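*Asks:* Residue numbers (this note's numbering), protein chains in the order written: chain A, 1 to 292; chain B, 1001 to 1258.
Just so you know, not all the hints are guaranteed correct.
Said to hold, decoys possible - Covered stretches of chain B, going by a simulated chain A footprint (3 or more residues, C-beta under 8 angstroms):
#, stretch
1, 1136-1148
2, 1221-1228
Claimed, not checked - Taking lysine to aspartate or glutamate pairs in the EDC-like style, the calculated list, with each CA pair at most 20 angstroms apart, reads:
#, chain 1, residue 1, chain 2, residue 2
3, A, LYS101, B, GLU1126
4, A, LYS114, B, GLU1041
5, A, LYS37, A, ASP77
6, A, LYS157, B, GLU1126
7, A, LYS114, A, GLU160
8, A, LYS114, B, GLU1045
9, A, LYS102, B, GLU1045
10, A, LYS157, B, ASP1137
11, A, LYS101, B, ASP1137
What the hints assert, rightly or not - Calculated Cβ distances over 12 angstroms to all of chain A for the following chain B residues:
#, residue
12, ASN1003
13, ARG1007
14, LEU1013
15, ALA1022
16, CYS1023
17, ILE1037
18, LEU1063
19, PHE1064
20, LEU1121
21, MET1122
22, MET1131
23, MET1133
24, ASP1175
25, GLY1182
26, THR1232
27, THR1235
Keep in mind that the hints were calculated from the coordinates and are not lab data. Note that the coordinates shown come from a computational prediction; the quantities given were computed from them, not determined experimentally. C-beta: ideal position from N, C-alpha, C; glycine also.
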Amino acid sequence: MAIQEDSTAIEPKSSNLSSDTENIVVLTDIHLKRGGKPVLNGLSMAVPRNSVTAVIGPSGVGKTTLLELIGGRLTADKGYLLVDGLSVPDLGRRELFTLRKKLGMLFQSGALLKDLDVYENIAFPLREHTGLPEAVIRQLVLLKLELVGLRGARRLKPAELSGGMTRRVALARAIVMDPVMVMYDEPFTGLDPISKAIIVKLIRQLNNILGMTSIVVTHDVHEAMQIADHVYMLAQGKVIASGTPVEIQSSAQDDVQQFLQGQPDGPVPFHYPADEYYSDLFDRTSSQSGKL
Amino acid sequence: MINAVRRIGSVSLSCFAASGRACLLFIQLLFSLPAAIRRYELLLEQIYRVGVLTLPIIIVAALFVGMVLALQGYNTLVDFGAESSLGLLVALSLTRELGPVLAGLLFAGRAGAALTAEIGLMKATEQLAGMEMMAVDPVWRVLMPRFLAGVLSVPLLALMFTAVGIFGGYILGVDVLGVDQGVFWSAMQQGVDFRQDVMNGLLKSLVFGVLISLIAVFMGYDASPTPAGVGTATTLTVVLSSLAVLAMDFSLTSMMFE
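Produce the complete structure using the sequences and hints provided.
*Replies:* Structural data, given as structure tokens:
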């Protein structure tokens, strides 16, 4: 896939809103404002099935908002959003909940239920949505715990888990209903190198073993490039580049290179927009009144 | 001046908006009633947490209130030679007013605040968002059992408050101040009307239960997901619940005991 350098050039595999067999998620010209400020500004992208798609970009660029839109927790002001062939903004509450049963989500905090232990946290969706007998629930929970390597930690409470273990438990819970797609919100943030490597390995392995689709939202470039089949880079509320990890890394765009190489100044300025420094510093009216 | 008017307008609008959201939540709660009844084990757990665990504070407070009532009542009645009405005075005060109101206020301070803090913290730690993404509606799974437990617990706590209060009044009036035991109970038996006094008191406490529980779950659910936001919501629960109980008590009393 050739690198796309302009969001308007990105076209989903199907612009037809009826169905799309190749892409599980299709976003077209999404606009969203929060608190009067534009967060997403004409964002278009498509997520192919059975792949790992990474969405990278600086903090505050709208990556988590994107996941909230896909999960139906937010509604865009304008644009089209299809998930598994369904237009999410048009779904009723019951249909939305039916769709969510097919999706998994890993929150940055893990979002584990604090008064339940590891085992009960993973069994929670099964108990709520299935009438499975306890013996079957036990087997399913232990199976998922074995996949994330925490079968021995099943009786620990969330407060007793490290950051990495919390993510792994949350991951086991996210996949316990065998979803068609899992969304990862900043899965590597705040983890030590070993935990990061474990999560990287798990995301890739689970995607392959379970044959699902993964969307990984992150600003950890190294890890994203390691696991992704396809990468979207966001800035100013839209896609500024997309392609395979190799294509993104070889991009000649200044804003892409600034982010990849972690340069403090560039197209994304070091200074937050403000008045001219000296006039601000020696503004007599404000100095005398003490106003900021 | 303009700024002050603007601020008043802004505060008023946000109050109206919050009231609207609370009404919508109440409707959602009513619709999830059948589901909550089906999952009665969640309800029982919450009745234990908000009702049974509030019982010690209710019993201790009721005992003292009953004794104070008896002491104050005796000191006044004895001047008129009417100490035989002490039982009636204690019973009427507790069944009509003090039982429902004080049980409501104590429930708001102990269980209402705890409910708000718990739900607010669940929101701040993304547990509610996590549930939503697991296709589990937090309104019926988290809020409804807590709301219903509060609604059912407050009348029972008010009854317990009244009973223990009367017992406190009996201990002080009969055992300490020397009022005749038979007179104490017979005055109560003759003067207290079951429908007019006991049932109306129970109805009051049911209304207080709805109000306090709705305020508590709404404040938690609507809280800003920050430590300061949860703290503010918890304080507001206690303040608003207490004011709502007192205001509603006046309205109900004026309707019930004309």
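*Asks:* For each hint, tell me whether it holds in the structure or not.
*Replies:* Verification of the hints:
no. : hint                  : verdict
1   : 1136-1148             : holds (count 3)
2   : 1221-1228             : violated (count 0)
3   : A:LYS101 to B:GLU1126 : 18 angstroms, holds
4   : A:LYS114 to B:GLU1041 : 19 angstroms, holds
5   : A:LYS37 to A:ASP77    : 12 angstroms, holds
6   : A:LYS157 to B:GLU1126 : 17 angstroms, holds
7   : A:LYS114 to A:GLU160  : 10 angstroms, holds
8   : A:LYS114 to B:GLU1045 : 16 angstroms, holds
9   : A:LYS102 to B:GLU1045 : 30 angstroms, violated
10  : A:LYS157 to B:ASP1137 : 23 angstroms, violated
11  : A:LYS101 to B:ASP1137 : 12 angstroms, holds
12  : ASN1003               : 15 angstroms, holds
13  : ARG1007               : 19 angstroms, holds
14  : LEU1013               : 16 angstroms, holds
15  : ALA1022               : 20 angstroms, holds
16  : CYS1023               : 18 angstroms, holds
17  : ILE1037               : 16 angstroms, holds
18  : LEU1063               : 33 angstroms, holds
19  : PHE1064               : 34 angstroms, holds
20  : LEU1121               : 8 angstroms, violated
21  : MET1122               : 8 angstroms, violated
22  : MET1131               : 8 angstroms, violated
23  : MET1133               : 4 angstroms, violated
24  : ASP1175               : 45 angstroms, holds
25  : GLY1182               : 52 angstroms, holds
26  : THR1232               : 19 angstroms, holds
27  : THR1235               : 23 angstroms, holds
Checked against the numbered hints given earlier, the structure breaks hints 2, 9, 10, 20, 21, 22 and 23 and satisfies all the rest.
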